[in-house]
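> Sequences listed follow chains A and B, in order.
Its first residue numbered 1, the first sequence is counted upward by one per residue in our numbering.
Its first residue numbered 163, the second sequence is counted upward by one per residue in our numbering.
Calculated from the structure, these hints are not laboratory results.
Note that the Cβ used here is the ideal one computed from N, Cα and C, for glycine as well.
Misleading hints may appear alongside valid ones.
Claimed, not checked - To list a few chain A residues with every Cβ distance to chain B over 12 Å, as calculated:
| no. | residue |
| --- | --- |
| 1 | V57 |
| 2 | Q101 |
| 3 | I112 |
What the hints assert, rightly or not - Derived SDA-like pairs (lysine to any residue); straight-line CA-CA distance at most 20 Å:
| no. | chain 1 | residue 1 | chain 2 | residue 2 |
| --- | --- | --- | --- | --- |
| 4 | B | K287 | A | G5 |
| 5 | B | K232 | A | G5 |
| 6 | B | K273 | B | S201 |
| 7 | A | K54 | B | K273 |
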Amino acid sequence: MRKDGLHDPKSPAIKQLQEPREALSRLPPDTTGNMVRWVQALETGVIQPRPSLKPGVEAEILDRDILLDLKGSMPIILFPHKRHTQWLACANCHDGVFEKQTGATKMSMFQILAGEQCGICHGAVSFPLTECFRCHSVVRPGQVKPAIPPGLPRSHNLPGPP
Amino acid sequence: MLRRCGVVLAGLAALLSIFFIGVPDARAEYGDVVINNYSDASGMRPVVFPHLFHRIRFRCKVCHADIGFKFQAGGNEINMVKIIDGQFCGACHNGEIAWSVENCNLCHSAKPGTKTQVHESTIQKLAQPAAAAKKK
Chain A
1 MRKDGLHDPK SPAIKQLQEP REALSRLPPD TTGNMVRWVQ ALETGVIQPR
51 PSLKPGVEAE ILDRDILLDL KGSMPIILFP HKRHTQWLAC ANCHDGVFEK
101 QTGATKMSMF QILAGEQCGI CHGAVSFPLT ECFRCHSVVR PGQVKPAIPP
151 GLPRSHNLPG PP
Chain B
163 MLRRCGVVLA GLAALLSIFF IGVPDARAEY GDVVINNYSD ASGMRPVVFP
213 HLFHRIRFRC KVCHADIGFK FQAGGNEINM VKIIDGQFCG ACHNGEIAWS
263 VENCNLCHSA KPGTKTQVHE STIQKLAQPA AAAKKK
């Protein structure tokens, strides 16, 4: 924490705050971002984050996959509602960031890379935007999975997930 | 004999690589939010919000839907009056759910002068490739 570039090494908090390693190293490891597979951690019960401050409130899960970008040249995007509603409320995205109706919101990587739409979370807290094929995951018929363009920054120079 | 040397060398190389390359480690810095709307001006260290310690305990929606934090670093105009009033951080950091606001230094712990940011975000990395290259 002393050397993370953020914390003031002179701050009295350095001795009191928990080191990230101590809390996060027990969680399922990832190869990028902050090196934790959060969805897996939640689904396997390694962590049990509370869905509300009020007792007895359950998370509202919607188990519906959406396919996006049907006409583009990258593999099709599979958006799993389930994994998103495990963490978020419907109102976090609908209707503000995204319209409820599939295809009604015009999406672009330009906006996403500028920190809008998916980029509000992905690239900031959830897995980074350099992990192209975690979203562009459905290869079109007759298509070969394209290679990640060289020069994209990665947290660690490790091979991505298979 | 030659083959044995090769095996020993390979073993040594593997051992050394552990020291030099390092094992990838769970990191909290990615996603940490620095908030410096008023801190520097008030003579306090800026706030480091460790996003992922919070994610272990609460789902995103608790803060971003129920409590009402916008998804924008520095965009919530949080100040200590609001926190003591039970808004934002004060919804939990009230001595009941989590430790209370007397522990100034636990949040106000960044290097003075650190700008408001989402640390290590993709945008930060793509927007400052020159700075990133210098580090290497």
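> What are the numbers of the hints that this structure violates, sorted from low to high?
Checked against the structure, the hints that fail are numbers 1, 3, 5 and 7, while the rest are satisfied.
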